[in-house]
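Novice: Listed below are the residues making up each chain.
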Amino acid sequence: MTNYSMKNGAISSSVPWIISAVILIILPFIFTGGGSITIMNQIGITIVLAMSYNMLLGQGGMLSFGHAVYMGIGGFVAVHVMNIVENEYLWLPLPLLPLVGGLVGLGFATIIGSFSTRKAGTVFAMISLGIGELIAACCIIITVFFGGEEGISGDRTMAPPTFGIEFITQKEVYFLIAFWVLLSTFCMYLFTQTPVGKMANAVRDNPERAEFVGYSMRWVRYVSFCAAGFFAGIAGALFAINYEILTEQNLNLNMSFQVLLATYIGGVGFFLGPVFGAILFTLLQTVIGLQTDLWALYTGIVFILMVMFLPTGLTGLFAMHLIPLQLGRFGLLIKPYSKIFLPGLVFLLGTIALIELINHVRHHGEEQFMTLFWIEFDTRAFLPWILFSLMTIVGFYLSRIFAREVAEAWGEATYIEGERR
Amino acid sequence: MDLFVINIIDGLIYGLLLFMLSSGLTLIFSMMGVLNLSHAAFYMLGAYLAYQISVITGFWVGLIVAPILVTILGAGVERYGLRRVHQYGHVPELIFTFGLFFVIEELVQYIWGRSMVNYSSPESLDFIAFSLAGGTIPAYKVFMLLISVGIFVALYYVLARTRIGMIIQAALSYPKTVEALGHNVPLVFMGVFGVGTGLAGLAGVIAGPSLTTFPGMAFLLGSIVFVCVVVGGLGSLSGAFIASLLIGWLQTFAASYNVGAADILIAMGYEFPKDVYYHPWRDLWTLTLPQIGPILPYILLILVLVFKPNGLFGKRET
Amino acid sequence: MKIFKTIASFAFAAGVFLSSSVFADTVKIAFIDPLSGPFATTGTGGLAQWKFAVEKLVNEKGGVLGGKKMEIVALDNKMDGKESLVQVQVAIDQGIRFIAQGNSSGIANAITDMVKKHNKRNPDKRVIFINYSAVDPALTNDKCNFWHFRFDANADIKMDVLTDIIADNSAMKKMYLIGQDYSFGKAVAAAAEKYLAQKTSIEIVGNELHPIGKVKDFTPYARKILAAGADGVITGNWGADMVNLGRSLKESGFSGPIYCYYCAGDGITKTFSAAGEGMLNVVHEGAMNPTNPELVAYHKEFKAKYPAADLNQARIMTATMMIAKAIEEAGSADDVVKIAYALEGMEFYNDILKTKVVMREKDHQAIQNVNVSVHTKDIDIDYDNSGYGVKTYATVEMASADSPTTCKMKRP
Amino acid sequence: MAVDALKLDNVTKNFSGTEIIRGLNLSVAKDERHAVIGPNGAGKSTAYNLITGRYQVSSGKVFLNGEDITNLQPYEVKRKGLSRSFQITNIFPKMSVFENVRCSLLWAMGYKYSFWHMVGSQSKLNNDAEEIIEELNLKDRRNTLAGVLSYAEQRALEIGITIAGGSEVILLDEPTAGMSVSETEYIVGLIRKVTEGKTLLVVEHDMGVVFDLADRISVLVYGEIIATGTPTEVKENQAVQEAYLGAAMEEH
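Protein chains in written order, with this note's numbering: chain Z, 338 to 758; chain H, 1328 to 1645; chain B, 437 to 848; chain S, 18 to 269.
Keep in mind that the hints were calculated from the coordinates and are not lab data.
Values in this document were obtained by computation on a predicted structure and should not be read as measured data.
Glycine included, each C-beta is placed from N, C-alpha and C at the ideal position.
Any given hint might turn out to be false.
If you anchor each label on the Cβ, the simulated ranges turn out as follows [to be verified]:
(1) H/Asn1585 to B/Gly781: 44 to 52 Å
(2) B/Glu833 to H/Ile1335: 44 to 52 Å
(3) H/Ile1335 to S/Glu84: 58 to 66 Å
(4) S/Ser76 to Z/Ile753: 36 to 44 Å
(5) B/Glu833 to Z/Ile502: 35 to 43 Å
(6) B/Gly781 to Z/Ile421: 33 to 41 Å
(7) H/Phe1331 to B/Thr812: 55 to 63 Å
(8) Z/Arg699 to B/Thr812: 52 to 60 Å
Taking lysine to aspartate or glutamate pairs in the EDC-like style, the calculated list, with each CA pair at most 20 Å apart, reads [stated by the list, open to error]:
(9) B/Lys553 to Z/Glu509
(10) B/Lys736 to B/Asp816
(11) S/Lys97 to Z/Glu545
(12) H/Lys1601 to B/Glu629
(13) B/Lys846 to Z/Asp492
(14) B/Lys630 to H/Asp1602
(15) B/Lys556 to Z/Glu509
(16) B/Lys622 to H/Asp1329
(17) B/Lys553 to Z/Glu503
(18) S/Lys111 to Z/Asp542
(19) B/Lys552 to Z/Glu503
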């Protein structure tokens, strides 16, 4: 019999968390300049939000188009509380504010979930869409609470100092966010290990059978939904602390869509998927967004390709490779992979260059020269057009040839007798 | 009273336009069980393609060619995209169509730029059809009305009188049986998806000159179409028809009459606060019907789904 | 722990690229406006005008502080509040001292609030906020601060001018106010109500707000306006809401004037073309038609470089030159306190637009000539390459120069 | 007289006017192994769905150990101690074999909607799950995703999910459908083992299995029970011979 005593497990399972904590602590000392702390703060907030979203989509099988609402409401209340604290009607150190946001998210999810979780699938998705539209509209109409389209702002530094820290600099805020990211992730991980967390998976896989093992699918969904609301509220309060302002844009449909994109790209089937998704999506938006105005197009294409060819997301891509690793056949893959790498890269660069070139000529045609991958060239000459087209075509052709080899090698490397795939 | 009549006409035109979108959406849902979230993107695509064609050859060619192009594109999307995702289940299908919406929206901006384009009605329809209550109905609106009614009649004829219509009708209620009867289901799927998106494209072609062809047009109309389909009952064509007209009129009348919450509150015996702009209930006191008009459909949507999850006329489980 | 490796490598890439754009000896202005998404046209148009103004009006004339060039660093805020604040922080981290933004008063509010807090918390890294287009009056009233400078005429000033013109139009007996339901729309409505009552005996037959960007069909509104018997319409609508409103009014048989803030350029002029002739009356600073030789020359060179863009935000020229002048006067491009002091109260003559501009000391609101122009074909400088443009038929010199403000500015 | 473990009292079911189940009466005594046989379309699966709350009955009553369970929700029926398997494999495909079994144990072991217990540290729960897996002979498949198991293994898991949680009354729906001879032997042995000391109701086509397993047999034809008795009695019943067995025997 396997030994299920807590002690051994506790030590070995706490190792990744301790390593994560250490990394989170040293990160801001590695990346000091260039707005990296700003971006890391944004990533942290997105991680909590995306993870909470995955409690619905990945673990519970509920597709929501209005998840930003719970973050937004939590954030709005957090800003109001910040202002109450500033006026000294209430004593609350800033690091505890996310708890307030979380409780508000939880409360709101308790109300909405009571009727929206009755069904999953399309009905749930449509109710969430309706709620999302409704709350976003209320945001503009109810100015007393939401402040109209300007939103509500506060000042985080007016809270009572915590151990002498007033959260003036970005770095101080970073540590606050990092702490809550780690804590929320840990709590969400624990949630997946509880009976209701396990049953959420069961209900996602086969709601009917879940009922025949004694669980009401509605209640299982409801509990997951409330928990997701709680963590979304935490993300909202973190947003309030970091940006000190909340507006309608924090809870409108667009924001909810972004959460879905980020989570799905990361991989909904895995606990850590949304972490990757949040990082990649934020970087796409903030860093790639500075390089090209087509960032949303690229995001959309990546997303569609993921849904079609890699439904398990980025994390799924990593996880897939665990099988050949475990079987000790990873070596079979190295050669075809290295073969396809170069043509693949050439194809990718060629395509992107063509897209950018056409975009430049079409919409910024007045500027004869454009810069791409740090190289400046003349858009009216033939050479770049021919070069990029050649790269695309040849890269594509070679990739296709090598792709067959990859597929064969893959089949060989992952073949397990007796399993249906 | 005259204003009432003219609002009825305006609402009808708008509602029929919505039906053109929601009928395609319903057909697709009925046959394939997937709510096509990218439906409004095909509507936008129709408008932009028609604009591009109209620049070259004039409006009338665009009216014919653009919907056909959209139909082909839609069929292609089904064949090379949706069919692949189908195997993963319903949620991935929904997510796929959702992603498609984004990509089409971005592609349209990539091709035609980010500002509105000057897609206008043909000069031959540039006159006033008739006047009523001091307002005029332009001929183009009448043309829109005629096209919508024409589509409605044609759709009705095809579904009620033709063999393919029988198959589709049967598939509304018994999708599995139809498949078992040996109909080429993949081909029917492709056709239905193509025709459904083609209808959306046609709606875009005729709505483009009237409601402005701009990159936000899909997002603006998108979710309201889902409301029509869901409220009417997923998979029910007549439900979609009634819901579309209902929402068309709901929105038109909500925008037309400046009923304010203040009137109601005063009638209920409350006193209008002196300095309303600093009153804690200021938002309630200054609330008017047109302000909340666009969100009324969503309230309707939530109420219907909560109390009648199958929609007003739906029979199928959603 | 793959996550952290990924973070590390990406953040590293980010860091490299962000630091690489820091050059030694230029004065940088961060331009933070939408460059992608549905509002990108306005953003890229503004960017073109900033780039051209900096090049033409400063760098070609020898730069500032004895040869330092000015440079525009474009940052895309995607018309999103959060993204704007991220980009402001990115700009600050790059050592940029000037933040220019204009589209959306909501975002301007968020930025001015952030700049205020940032400057208080980081006295060694202070920045100036150049608001070149956001016209919510609150920004120079209740929400004013020392670091914010507005170069456009605010909604109140524009309405003051507009109502002067309306008062002169004896055909106007009944006026309908319609706007988008947010702070700017409300500000326009409030100002219109106030000034119409003050200056005229015009009856306001309708005053309403509609949800912003949510109305699919404006026909019912047009019907209502007609039924109310309005002679004219005042609106602060922009973008598709403006086009749809105007078009529905026209289709429904409305023949009176529409007085508007944003019904020229950015595709709107082209979309209306013949339909808007004589109907659209826009209030704005920086007259384009009738024109003058300097302006024509400037416009010609601008169009040669940016054929798709328009000179529809003349204040960008003014802002560029005034910043350059303030830097010269302060003798530093880093000491923003000195620069801000130089800017406030500055009197400046824009010899391309032939107009004087004063940056009012008490609230940092630029006072300048404000014009009312009509959509017509009879012009020299068109918009959207459509052959149509706006022609000024009335100008109020130094409009609202002594208007009151509730601004209580704290100076460092 | 002892109370029947399961009793159907004149149960009927209409589907849009058509009567599928026409006054069904059935008693299964405690600890009995009872089989229901009948031609295709006789309403065997429908009867199961009526008992377990998947469908609402049109009229009549269902009793479990004397308690009225008519039209309860499936989860309520299960909580009262009745568990069923499905004709078409109905497992949790994206979860491991171990997780499948463990999830099926959760409610019965009183965890309900708990979000304060860590399932990993509940030794009794995990030990019970391991035991069931061992009984199912699926030990080397413990961590495999249920969706990739072979058909026979999935059927075994299906039974495992059904018996997990110690329900007193077990309903099995064609447990050996579509199986080879050796697989059938394995499954029958499994059923015998895991339903020891429990009340069993089984629908089955394979007559060999039925006569091997059942203490008593009921024959369901066109929504009615036409005969009930020991295997020998049923075999010899004239009506059954005519209605069903004759045809079925010839086929085999």
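Novice: Each hint needs a verdict: does it hold in this structure or not?
Specialist: Now the hints, each set against the structure:
1. The beta-carbon spacing between H/Asn1585 and B/Gly781, approximately 45 Å, falls within the hinted interval of 44 to 52 Å.
2. Evaluation of the 44 to 52 Å hint for B/Glu833 and H/Ile1335 yields a pass: the beta carbon distance comes to about 51 Å.
3. Separated by about 60 Å at the C-beta atoms, H/Ile1335 and S/Glu84 satisfy the suggested range of 58 to 66 Å.
4. The beta-carbon spacing between S/Ser76 and Z/Ile753, approximately 52 Å, falls outside the hinted interval of 36 to 44 Å.
5. A beta carbon spacing of about 54 Å between B/Glu833 and Z/Ile502 contradicts the range 35 to 43 Å that was offered as a hint.
6. At about 39 Å, the beta-carbon gap between B/Gly781 and Z/Ile421 stays in the expected band of 33 to 41 Å.
7. For H/Phe1331 and B/Thr812, the Cβ-Cβ distance of about 38 Å falls outside the hinted range of 55 to 63 Å, so the restraint is violated.
8. For Z/Arg699 and B/Thr812, the Cβ-Cβ distance of about 30 Å falls outside the hinted range of 52 to 60 Å, so the restraint is violated.
9. Distance restraint check for B/Lys553 and Z/Glu509: the Cα-Cα separation of roughly 15 Å lies within the 20 Å cut-off, and the hinted pair is therefore satisfied.
10. Pair hint B/Lys736 plus B/Asp816 holds up; C-alpha atoms about 11 Å apart against a cutoff of 20 Å.
11. About 17 Å separates the Cα atoms of S/Lys97 and Z/Glu545, which keeps this hinted pair within 20 Å; it holds.
12. For the proposed pair H/Lys1601 and B/Glu629, the alpha carbon gap of about 18 Å is at most 20 Å, so the pair holds.
13. With a C-alpha separation of about 18 Å, the suggested pairing of B/Lys846 with Z/Asp492 holds against the 20 Å cut-off.
14. At most 20 Å may separate the alpha-carbon atoms for a hinted pair to count; B/Lys630 and H/Asp1602 meet this at roughly 16 Å.
15. For the proposed pair B/Lys556 and Z/Glu509, the alpha carbon gap of about 16 Å is at most 20 Å, so the pair holds.
16. Simply put, B/Lys622 and H/Asp1329 have alpha-carbon atoms about 31 Å apart, too far for the 20 Å limit, and the pair is violated.
17. Only pairs whose Cα atoms come within 20 Å are accepted, and B/Lys553 paired with Z/Glu503 is accepted, the gap being roughly 13 Å.
18. Restraint check: the Cα-Cα separation between S/Lys111 and Z/Asp542 comes to about 6 Å, which is no more than 20 Å; the hinted pair holds.
19. At most 20 Å may separate the alpha-carbon atoms for a hinted pair to count; B/Lys552 and Z/Glu503 meet this at roughly 17 Å.
Violated hints for the displayed structure, listed by number in ascending order: 4, 5, 7, 8, 16.
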